[in-house]
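Construct the entire structure; sequences and hints are all you get.
Number of protein chains: 4
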Amino acid sequence: MNNKLQVYALADLEHVKVHGRTTGNLSPLTLFWTGSAVELNVQGTELWVEVEVNYEIYEPWISIVMNGVPVSRQMVTAGRYWVPVFRGMNADRVKNVRIVTEVQAMNGDPGCSLQFHAVRTDGTFQPVKDKPYRIEFIGDSITSGEGAIGAKGEEDWIPMWFSAIHNYTAMTAAAMNAEYRVISQSGWGVLTSWDNNPHANIPAYYEQVCGLLTGERNEALGAGAPYDFESWQPDAVVVNLGTNDGGAFYSPEWTDPASGKIYKQRLNEDGTYHTEDLEAFEEASCQFLITLRKNNNHAHIIWVYGMLGIPMMPAIYRAVDAYVKLTGDRKVSVLQLPNTTAETVGSRSHPGVLAHEQAAEALTGYLKELLA
Amino acid sequence: MNNKLQVYALADLEHVKVHGRTTGNLSPLTLFWTGSAVELNVQGTELWVEVEVNYEIYEPWISIVMNGVPVSRQMVTAGRYWVPVFRGMNADRVKNVRIVTEVQAMNGDPGCSLQFHAVRTDGTFQPVKDKPYRIEFIGDSITSGEGAIGAKGEEDWIPMWFSAIHNYTAMTAAAMNAEYRVISQSGWGVLTSWDNNPHANIPAYYEQVCGLLTGERNEALGAGAPYDFESWQPDAVVVNLGTNDGGAFYSPEWTDPASGKIYKQRLNEDGTYHTEDLEAFEEASCQFLITLRKNNNHAHIIWVYGMLGIPMMPAIYRAVDAYVKLTGDRKVSVLQLPNTTAETVGSRSHPGVLAHEQAAEALTGYLKELLA
Amino acid sequence: MNNKLQVYALADLEHVKVHGRTTGNLSPLTLFWTGSAVELNVQGTELWVEVEVNYEIYEPWISIVMNGVPVSRQMVTAGRYWVPVFRGMNADRVKNVRIVTEVQAMNGDPGCSLQFHAVRTDGTFQPVKDKPYRIEFIGDSITSGEGAIGAKGEEDWIPMWFSAIHNYTAMTAAAMNAEYRVISQSGWGVLTSWDNNPHANIPAYYEQVCGLLTGERNEALGAGAPYDFESWQPDAVVVNLGTNDGGAFYSPEWTDPASGKIYKQRLNEDGTYHTEDLEAFEEASCQFLITLRKNNNHAHIIWVYGMLGIPMMPAIYRAVDAYVKLTGDRKVSVLQLPNTTAETVGSRSHPGVLAHEQAAEALTGYLKELLA
Amino acid sequence: MNNKLQVYALADLEHVKVHGRTTGNLSPLTLFWTGSAVELNVQGTELWVEVEVNYEIYEPWISIVMNGVPVSRQMVTAGRYWVPVFRGMNADRVKNVRIVTEVQAMNGDPGCSLQFHAVRTDGTFQPVKDKPYRIEFIGDSITSGEGAIGAKGEEDWIPMWFSAIHNYTAMTAAAMNAEYRVISQSGWGVLTSWDNNPHANIPAYYEQVCGLLTGERNEALGAGAPYDFESWQPDAVVVNLGTNDGGAFYSPEWTDPASGKIYKQRLNEDGTYHTEDLEAFEEASCQFLITLRKNNNHAHIIWVYGMLGIPMMPAIYRAVDAYVKLTGDRKVSVLQLPNTTAETVGSRSHPGVLAHEQAAEALTGYLKELLA
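So the sequences go chain by chain: A, B, C and D. Note that my numbering has the first sequence beginning at 27, numbered continuously upward. Note that my numbering has the second sequence beginning at 27, numbered continuously upward. Note that my numbering has the third sequence beginning at 27, numbered continuously upward. Note that my numbering has the fourth sequence beginning at 27, numbered continuously upward.
Treat the hints as calculated values from the structure; they're not laboratory data. As the structure is a prediction and not an experimental result, all values here were calculated from the model. Among the hints, a few may not be true.
Cβ-to-Cβ under 7 Å is the rule here; a few derived chain A residues that face chain B [said to hold, decoys possible]:
#	residue
1	51
2	100
3	347
In silico DSS-like links for lysine-lysine, alpha-carbon gap of 25 Å or less [as the list claims (entries may be wrong)]:
#	chain 1	residue 1	chain 2	residue 2
4	A	290	C	351
5	D	43	D	178
6	C	320	C	357
7	C	178	D	43
8	C	394	C	290
9	B	178	D	394
10	C	157	A	351
11	D	178	C	178
12	B	43	A	178
13	C	290	A	351
14	A	320	A	357
15	A	157	A	357
16	A	178	C	178
17	D	351	D	155
18	B	351	D	351
19	B	178	A	43
20	A	394	C	178
21	D	178	C	43
22	C	351	C	157
23	D	155	C	178
24	A	157	B	178
25	C	157	D	178
26	B	157	B	43
27	B	320	B	394
28	A	320	A	155
Idealized CB from N, CA, C, for every residue including glycine.
The following block contains the structure:
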């Protein structure tokens with residue numbers, strides 16, 4: 027055993043970089059969203075990290091990225107314990123380490139949380155430099171990396187098949203040399219979820235730290251607190267929503283258990299979308315753009331869409347048009363991303379790692395023109 | 027918590043497939059070589075595996091492969107404990123699971139061992155079918171997957187940078203739909219190691235279960251026992267040795283601490299290999315082929331070489347020629363593998379995952395012609 | 027010399043397939059548009075084709091495609107002469123041969139024409155089967171394959187750098203197993219050309235055989251005659267226009283030499299497009315869709331755009347929206363094609379063959395969903 | 027018509043570079059071997075070249091390469107006439123032009139020749155710089171590019187399916203920035219041809235300009251004259267022979283029509299090569315290496331093999347070993363090239379363009395280490 031190891035509470039570290047929306051609390055640090063991470067520059071031979079994990083249904087997974095390359099990915103089960111990060115390395119060289127949440131914030135599990143208390147090392151910590159760009163990604167299962175890992179035939183809806191690393195968000199950020207944050211939830215949309223639930227919409231929770239989490243424990247952790255937008259102003263906000271809003275037209279109606287009210291995005295008899303319902307989506311999208319601009323002062327806002335087909339694209343263009351006409355804001359645009367094919371599909375009929383790579387390449391090319 | 031979980035000792039399981047050379051003991055099962063694995067077909071929602079891990083220096087790593095796709099890779103630290111494999115899956119569907127040793131048998135750490143005691147599940151176990159082919163790979167650091175993972179600049183010699191999964195052995199076996207076993211050790215050769223140590227040669231230990239392991243504990247675990255070749259006769263034996271034998275010509279002499287004797291593969295003044303020393307390599311290679319054939323009755327033996335350059339290729343061809351002339355054995359051949367380039371190199375100046383993919387493609391094409 | 031060769035006038039052949047809009051005249055056959063072709067199934071050892079070529083400035087080029095693979099590409103200079111196609115082949119086997127126009131109809135050269143009089147062979151002609159789909163492509167320099175061949179630094183505007191073969195149109199048609207026709211002109215748009223000339227618009231000439239050709243000779247050849255849409259109804263019409271309409275906003279004004287009238291698509295002071303001028307483009311696009319539907323009864327109409335950036339995409343979506351609202355026509359959609367990058371660019375800063383391949387792949391995926 | 031064109035006899039040009047073995051005669055210039063070329067740097071708008079073509083059976087083909095990119099490929103039929111190269115280009119810019127022989131010297135057609143008399147231009151000629159390396163390639167159908175173009179099912183043995191451009195020789199030379207010459211003949215070997223003809227061997231003709239050509243006309247053109255090795259000393263000689271020598275073991279015997287003598291490389295009953303016959307190949311290979319070194323003073327000699335399998339590789343290694351032992355020459359080595367697969371095969375069951383690209387990549391990597 028290495029008897030030179032010392033424990034450092036995260037809150038006591040001079041040099042630690044936290045990625046993702048948090049409350050700012052480091053005692054312990056709670057990572058809510060997928061792609062959130064603790065990043066450290068460690069000059070030492072060995073590193074451990076103390077996690078505390080809770081859940082009723084969906085367990086968290088983490089990836090460890092060493093000097094930019096993923097080397098470990100694992101399920102973290104319930105409890106408070108130490109996870110080994112590296113051992114036996116050169117004492118003098120500085121290692122860049124990121125411990126990344128692989129799984130989305132879980133609206134469906136009120137008991138789910140992933141926390142970091144402390145690190146243990148025989149080394150010291152060096153500053154982690156800021157990167158030149160900041161990007162915020164907002165999306166659904168695609169952005170949550172659902173299906174980015176696993177065999178094509180997998181059908182279970184479990185955390186194992188989610189990945190923040192094999193994901194166009196991480197790939198785009200790496201190609202842009204950008205820091206990034208992700209706001210995403212499988213099945214959700216701008217107006218409703220894929221099954222017509224009007225409460226399962228991202229805009230309603232956008233201004234909270236992680237408001238779509240449920241349960242008293244998450245409330246106590248500050249998930250519902252207002253998010254401090256000033257603390258991290260992005261250069262680009264990438265909205266990848268609309269896929270579930272489109273799906274709602276083909277799903278059964280949803281009855282609100284509280285009010286008994288019925289919700290349904292309707293199809294016309296000829297198979298086209300009902301105009302009124304489509305307009306409700308467009309209105310919600312336009313309103314969301316207003317919210318985005320209110321909170322993100324100088325960011326380019328790019329609405330991306332197409333990784334699972336483009337049926338909602340005309341409505342998205344209309345919504346952006348309406349917003350531009352209303353506000354005169356010229357830093358908003360739409361970008362179609364490459365469709366997923368039989369060759370690029372992953373598990374659960376979602377984009378696989380190849381589809382994420384293609385999306386990242388297209389998005390990176392576009393962002394470079396905007397941000398250059 | 028899932029209160030339907032039951033513990034099954036490995037030795038009590040009707041259906042379990044063990045990959046890699048072992049003693050046959052399942053109480054517990056010790057996996058010695060890289061690429062060794064426990065394979066199960068599980069019909070249940072959840073699976074854990076109980077490991078026991080020991081080491082003084084080099085810790086083991088494992089990968090978990092679900093239905094043929096790697097989903098998890100992690101360091102396993104010392105102790106006896108349960109590792110989660112999957113949770114929350116469909117109870118009816120059969121999941122194929124492989125838990126794979128990512129790191130080579132560690133000659134340099136007498137205390138290193140990885141053992142499996144039991145599994146815990148709410149499901150049942152189904153038979154794992156045999157695959158149509160069997161391949162044995164014999165090699166050095168290349169075959170141990172040293173450098174197959176990690177950033178290009180990594181220099182530490184640690185288990186983290188070894189991978190049995192991102193490895194031409196695993197890739198070739200998958201492409202051939204073959205079961206496979208690996209005998210390998212970084213730095214070792216046919217005659218000597220890269221640094222002229224004549225004891226660090228693979229042939230000397232080939233007929234034991236895992237004879238190159240050291241220490242009393244490994245002895246007690248049966249590493250030094252004779253290997254029962256009859257239990258698993260391969261269709262192909264792939265020998266990827268010679269790279270370190272070539273390196274020895276450029277390394278300082280090695281002094282045997284026991285005898286004081288000095289060993290050195292010499293270069294001539296013009297930079298060419300000293301004929302006598304090269305002939306010693308050829309003789310050792312020819313002898314190794316005799317050993318291989320003695321133990322592997324019907325296998326095609328393919329000596330592959332070239333992933334880190336081809337300076338020893340003429341000597342390898344001469345050795346195989348000599349063996350063929352001596353024995354009349356016609357099922358022995360030589361295959362050059364693609365060289366590693368600046369684009370395909372991995373960490374520690376070793377072949378990266380792209381180099382392994384190219385090697386696997388070339389080797390698979392060749393094996394298909396031989397075994398078809 | 028092969029003294030079994032016999033000359034057959036094209037008009038006398040029982041089995042000949044002509045691709046591209048023509049007048050129907052085979053004595054001789056005039057091929058106007060790029061990608062137009064004569065296709066034959068020849069059972070014989072040798073084939074020649076008699077061409078007649080005229081031009082003042084821009085010479086035609088042809089490619090020869092044997093059994094689906096391009097084997098020859100050459101400039102054809104002025105005169106009437108025999109071009110060799112193949113020699114010395116197996117007398118019994120049927121060879122599929124296409125002789126393809128590589129260069130666009132040349133509005134800028136009133137003297138340019140490419141005609142086929144006859145073929146010479148020792149063989150016989152077999153029927154050429156119809157393919158299951160028909161696609162019409164309408165576009166500008168991108169669709170004319172300008173820059174699809176040649177070194178990146180080439181700047182001359184000459185036929186050599188045009189290719190109908192290394193072109194997303196040919197690639198898409200091959201992937202769809204479709205017959206195809208192309209209507210295209212470099213620099214032209216829906217409303218104006220890149221330099222604000224309102225006469226250089228494709229819609230004005232769409233209903234003629236090849237009305238954008240100039241000069242008395244082309245008039246006499248029937249280029250200005252009404253095109254018989256009934257003779258070849260496409261399953262898909264792909265419109266790749268808008269790139270030059272977008273460019274007009276950044277080009278100097280154009281003065282009509284006849285009227286002295288000045289034309290200019292204006293930019294606002296903040297660099298955005300002048301709304302009125304953009305609306306003129308949208309109106310022209312909507313009108314063009316009406317024209318397309320009038321003539322193409324059952325076709326899916328797909329407006330594709332993006333191979334050289336997407337600044338006009340919102341206007342294109344608005345135009346299609348307006349058309350759909352006006353007509354209720356639901357078989358019209360918009361598809362963004364992959365942008366050209368530093369890696370995929372060809373000569374003359376236009377899409378290279380890699381960019382055409384990427385466009386073809388995206389378009390093929392989309393068409394397969396529509397036409398399946 | 028361009029009335030500023032002037033005719034220049036090749037022999038009168040100050041700046042013209044000829045590639046390939048020739049007699050040195052420019053009045054006219056005869057290009058014998060595949061890959062031979064005339065290279066010019068032309069500052070003018072237009073260029074034509076006057077060719078004279080003869081053949082009884084196999085017609086020549088040429089490719090035109092503009093600024094390093096192939097733009098034209100065509101059959102050249104019998105006669106003396108002008109071939110257009112370019113028109114309408116910028117008068118000031120210098121264009122690099124290569125007119126390349128696409129087809130091998132044709133041993134089977136005594137009447138075949140391709141000659142260049144003159145060029146016609148409105149421009150001037152600039153010097154063509156020497157490249158830093160020189161490579162000579164020696165081979166059979168693979169090196170002649172047989173099958174590098176055309177559909178997979180093509181079976182006719184005709185010039186159309188040969189290519190010097192889509193060829194590992196041209197690709198390697200381009201990647202190395204090297205000038206190169208090719209000596210090759212389909213079906214030929216070191217000792218015998220694929221069908222056991224002992225006269226069809228490359229070494230017998232290596233020291234002549236193009237001695238394997240037949241007929242009085244070629245004799246008169248100087249094909250049989252001794253080649254002046256001093257005039258162009260290569261840095262590397264790449265020998266790609268052995269494939270047909272290997273094939274001879276599986277082909278029927280060959281009877282010399284002159285002597286009635288029978289030739290046959292024999293197989294043993296167990297399917298292995300007859301030792302004595304294999305040794306004859308090895309002896310011929312060793313002798314060829316002696317010839318190569320005699321004429322190429324400082325060149326690295328690399329025997330490459332494997333694009334159509336590696337059955338002769340042990341014999342090649344033995345031959346090289348024997349040569350090295352005999353001479354002490356250390357600048358001779360063997361390199362296995364990637365095998366052709368179902369994905370990379372071309373027409374006539376020969377390597378396609380993808381196989382040539384893979385071979386060029388492997389060979390380039392090897393040459394860079396040798397020549398750096």
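> Between residue 320 of chain A and residue 155 of chain A, is the straight-line Cα distance small enough, at 25 Å or below?
Replying inline: 28 Å, violated
>> Take the shortest C-beta to C-beta distance between residue 347 of chain A and chain B; is it under 7 Å?
In response: For residue 347 of chain A, the interface hint is violated, since the closest Cβ of chain B sits about 43 Å away, which is over 7 Å.
> Between residue 351 of chain C and residue 157 of chain C, does the CA-CA distance stay at or below 25 Å?
Replying inline: 34 Å, violated
>> Hint check: residue 178 of chain C vs residue 43 of chain D, CA-CA at most 25 Å. Holds or violated?
In response: Distance of about 24 Å is within 25 Å: holds.
> Is the hinted pair residue 178 of chain B and residue 43 of chain A satisfied, with a Cα-Cα distance of at most 25 Å?
Replying inline: Between residue 178 of chain B and residue 43 of chain A the Cα gap is close to 24 Å, so the pair holds against 25 Å.
> Regarding the hint that residue 100 of chain A lies at the interface with chain B, is the smallest CB-CB distance below 7 Å?
Replying inline: 4 Å, holds
> Is the Cα-Cα distance between residue 157 of chain C and residue 351 of chain A 25 Å or less?
Replying inline: 47 Å, violated
>> Run the distance test for residue 157 of chain A versus residue 357 of chain A: straight-line Cα separation, threshold 25 Å.
In response: Judged against 25 Å, a Cα distance of about 22 Å means the pair holds.
> Does residue 178 of chain D lie within 25 Å of residue 43 of chain D when you go C-alpha to C-alpha?
Replying inline: The given pair, whose Cα atoms are some 36 Å apart, is violated under the 25 Å limit.
> Taking 25 Å as the top limit, are the C-alpha atoms of residue 290 of chain C and residue 351 of chain A close enough?
Replying inline: This hinted pair holds, its Cα atoms lying about 23 Å apart.
>> Holds or violated: residue 178 of chain A and residue 178 of chain C, Cα atoms, limit 25 Å.
In response: 40 Å, violated
>> Next pair to validate is residue 351 of chain D with residue 155 of chain D; report whether the Cα-Cα distance is within 25 Å.
In response: Violated, at about 40 Å.
Hint check: violations occur at hints 1, 3, 5, 8, 10, 11, 16, 17, 22 and 28; the rest are consistent with the structure.
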